[in-house]
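Chains as they are written, first to last, in the working numbering: chain A, 1 to 355; chain B, 356 to 710.
Keep in mind that the hints were calculated from the coordinates and are not lab data. Note that the Cβ used here is the ideal one computed from N, Cα and C, for glycine as well. Possibly wrong hints are sitting among the right ones.
What the hints assert, rightly or not - One side of the interface only, derived from the structure: several residues of chain A facing chain B at Cβ under 10 Å: (1) I28; (2) S160; (3) R196; (4) A211; (5) W226; (6) S227; (7) L246; (8) P247; (9) V253; (10) P256; (11) V289; (12) D292; (13) D293; (14) P294; (15) F299; (16) P300.
Number of protein chains: 2
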Amino acid sequence: MAGSAKAVGPTLAVVGATGAVGTVMLQILSHRADIWGEIRLIASPRSAGRKLAVRGRQVEVVALSEEAFDGVDIALFDVPDEVAAHWAPIAVSKGAVVVDNSGTFRMHPEVPLVVPEVNPHAVRVRPRGIIANPNCTTLSMIVALGALHAEFGLRGLVASSYQAVSGAGRAGVETLRQQIALVAGTSLGTNPGDVRRAVGDNTGPFPEPVALNVVPWAGSLREDGWSSEEMKVRDESRKILGLPRLPVAVTCVRVPVVTAHSLTLHARFESEVTVAKAREILATAPGVVLYDDPGAGEFPTPADVVGTDPTWVGRVRRALDDPTALELFVCGDNLRKGAALNTAQIAELVAAESA
Amino acid sequence: MAGSAKAVGPTLAVVGATGAVGTVMLQILSHRADIWGEIRLIASPRSAGRKLAVRGRQVEVVALSEEAFDGVDIALFDVPDEVAAHWAPIAVSKGAVVVDNSGTFRMHPEVPLVVPEVNPHAVRVRPRGIIANPNCTTLSMIVALGALHAEFGLRGLVASSYQAVSGAGRAGVETLRQQIALVAGTSLGTNPGDVRRAVGDNTGPFPEPVALNVVPWAGSLREDGWSSEEMKVRDESRKILGLPRLPVAVTCVRVPVVTAHSLTLHARFESEVTVAKAREILATAPGVVLYDDPGAGEFPTPADVVGTDPTWVGRVRRALDDPTALELFVCGDNLRKGAALNTAQIAELVAAESA
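Could you put together the complete structure from these sequences and hints?
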C-alpha cells in the first residue's frame, strides 16, 4: 500500500496504462466511486517515468517487472496476448487477482469470462486467479442480448459488426487520421482507384484502406475462412450466456469510425416475442439505453455513443417472417464498456467480495 | 430517329441524364455495344441546353415534356418517384417502353422487376409497357444470391447493409465531402461530441452525420419500425427470385463510403451446402466475381469495387451451426450494377427481342 493516509482500499495496478484502453481506464477510474487505495500505473519500460493523471493526481508510470506487482491486490491487464500470457501468472504468483483484457485466457475452462450485468457470480470461481474480460465486439452487444436472453431464452444469433478503428489501438486511430488527410484532397472515391491511390501502403494495422471504405476482416485467419474476431464473438457469447451450443453466425467488418462499435443482430428466441415486451426489458435493463424512435430520428449512432458507458439499442423490430425473432441495432463505446469500463466493473466486484 | 446516317438502331431516351445515376449511365452507354440509333438526353428544364458527352459526341439535354418522347423506342428513367409516376405513363402513351429505376412501379403486379442474370424472361410480359429496375441495395446482392438459389434453393435470408452515400444521389456525395472537410481539422471523433459539433446541421439528405459514423437508417418509416429501404430489399428479392413467401430480415445502414454498397448475407438453403460447391457456382456465375482468399488478403471492399460492373463476393463460409446456411460478404457499385448498368442491360434485352 502507498504511504498516503488515503490508501485504505485495495491496491490496484493498471498494466498497459499508456495504451488506447489504458488511457480511457484512467479517466474511468477518476470518475467512478473511489474505492481504491494506491492506483499503480505499469507499462513497458519505454513509457516508464511518464506521469499520467488519475484521480486528479499525477502518477509516475513504472516499468513492467516482477517487483512492480509487490503489494498489488488486483491487476488490470490491457496488453498484447503474449505479454498477458507471460505476465498475468507472475502477477497472480505475487498475490494479485488479474483481470485480463487480452484474448489469452478468455476461453480457458478455469478462467471465468465476466460481464457484470450478465454473469456477475462467475467472478467468484477463478482457480487460476485470473478473470477474463471479453472482446470489445462481444461486449458491445452482450449486455442487451443478455437481458433479452434472461427473459426470452436465446436460441440463435446472426450478427454483423461495424467496428471502429480504435479497436485496433492507437495505431488504428492514427492510421484513419492519416488516411483521411490523404483522401480529403482527392475526388473522395468518386472515381475507381481514388482511395487506393491516395492511401498507398499507408494501411497501418488494417489489410486494406479504411477511410471511405469498409473492410470485412478483423483479426487473423482461423479454419474454414473465419476470422479470429468472428470466432471470439461466437465463443465468448456462448460462454458468457452459458449456452455452449448456441448457433452463432457473425461477420466482422471494420468501418471508418474512430470509437464505438455497432452491430446488427437477428436474435431468435425459444418462443414468440413481442416488441412491446422487448422494449420494456431493454428500457429497464442495467447498462442499457433504449433509443428507438426512428420516426423522431432516434436510433443510436457511434457519434452519439462515443464517451458514454451504456449499450445503446435501437431499431427494435420483430422479424416479419418469424414471430420468435427480433432485429436490433446496438452501439457501444468499444474503449469504455467494450474494454476499460467492464474491466473496472469486474475489479469492483472482486474488491466488494473481499471488503 | 436522328438525321444521322448512323441512326439505324432504336432510339433511346435517358430521363434524368444529369443526376448521379444518369452521369454513370452515359459512361456505360459509351462503353457497351453501340446498338442504339439516337440517344436522347432528357432532364428537368433547369438542365436543358447543357451538353453532355455520350459515345464521344456532345449531346444537348432537352427538357422533360410530352414532345421529348416523340419517336423514342425505349426510355430509361432515373428520377424521383413522383416524377416517374407522372411521366412514365406519358412516355408509354407515346410508344416507348419504359425502364424505370424509381420505387414507383417495382411492386406493381403488372410491372416486371428484372435482373438480366436472374430473371431475364420477365421482361417479355409488361402489360403496362413499364419494366422496373430494382433498388440499388437489392441489386448489390441479388446476382450472387440468385446464382446460389438456382442451385441450392433459397429458404431464408438475413442481410445487413453497408450503404454508400451516392445511393442518396449527388447530395449524398456532396454532404460526405463537406463533412469530411469539417471533421478533418478536429480530433476525429476521439472525444464525445466531436463529430456532431463539427458537422452541426450539415447532414444533407441523412438524418445524422455520416462522416466518421454509421447511420442505421435509409429511406422513410414503414409500419412496425421498418425502413422503406429494408422493405424494398425484402419485397424486391422475393419478386425477382419468384419466392413470394421467402423469410427475409434486413437492417440497412449508411456508411461513409462514396460509392459501392456492401452487404453481409446469412443465406439458408433447402438442404446441406458445401463451400466448395458454392465457390464453384460463384466463380462461374455471369456477373459475379469470386474474390475470396482472406489468407492472401483477398476479400472485396468498396475501394476496389467502385467503377466495376460485377457483384464481388468474398468471405464465403458455411455456418458453423447449420450445414444448410452460408455466410457471404458481397460488394457492388451501386451506381453501375446497382442502377445504371442493370437499367441499360434491361434496355438491351428489350431491344434484342424487337430486333
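Hint by hint, here is what the structure shows:
1. At a threshold of 10 Å, the smallest CB-CB gap from I28/A to chain B is about 13 Å, leaving the interface hint violated.
2. Because the beta carbon of S160/A sits about 4 Å from the nearest beta carbon in chain B, less than 10 Å, this interface hint is met.
3. Hint on R196/A holds. Least Cβ distance to chain B is approximately 5 Å, under the 10 Å limit.
4. Proximity of A211/A to chain B holds as hinted, the smallest CB-CB distance being about 8 Å (cut-off 10 Å).
5. At a threshold of 10 Å, the smallest CB-CB gap from W226/A to chain B is about 6 Å, leaving the interface hint in force.
6. At a threshold of 10 Å, the smallest CB-CB gap from S227/A to chain B is about 7 Å, leaving the interface hint in force.
7. Below 10 Å, beta-carbon pairs count as interface contacts, and L246/A has one with chain B at about 8 Å; its hint therefore holds.
8. Contact between P247/A and chain B, as hinted, is supported at the beta carbon level, the nearest pair being about 3 Å apart and thus within 10 Å.
9. About 7 Å separates the beta-carbon of V253/A from the nearest beta-carbon of chain B, less than 10 Å, and the hint is met.
10. Because the closest C-beta pair between P256/A and chain B is about 5 Å apart, less than 10 Å, the hint holds.
11. Proximity of V289/A to chain B is violated relative to the hint, the smallest CB-CB distance being about 14 Å (cut-off 10 Å).
12. The interface hint given for D292/A holds, since its Cβ lies 7 Å from the closest Cβ of chain B, which is under the 10 Å cut-off.
13. Here the hint on D293/A is kept, as its CB sits about 9 Å from the closest CB of chain B, short of 10 Å.
14. Satisfaction of the interface hint for P294/A is found here, the shortest Cβ-Cβ separation to chain B being roughly 6 Å, below the 10 Å cut-off.
15. Using the Cβ-Cβ criterion of 10 Å, the hint placing F299/A at the interface with chain B is satisfied: the shortest such distance is roughly 5 Å.
16. Restraint check, P300/A versus chain B: the minimum CB separation of about 8 Å is within 10 Å; hint holds.
Hints 1 and 11, counting from the list given before, are not met by this structure.
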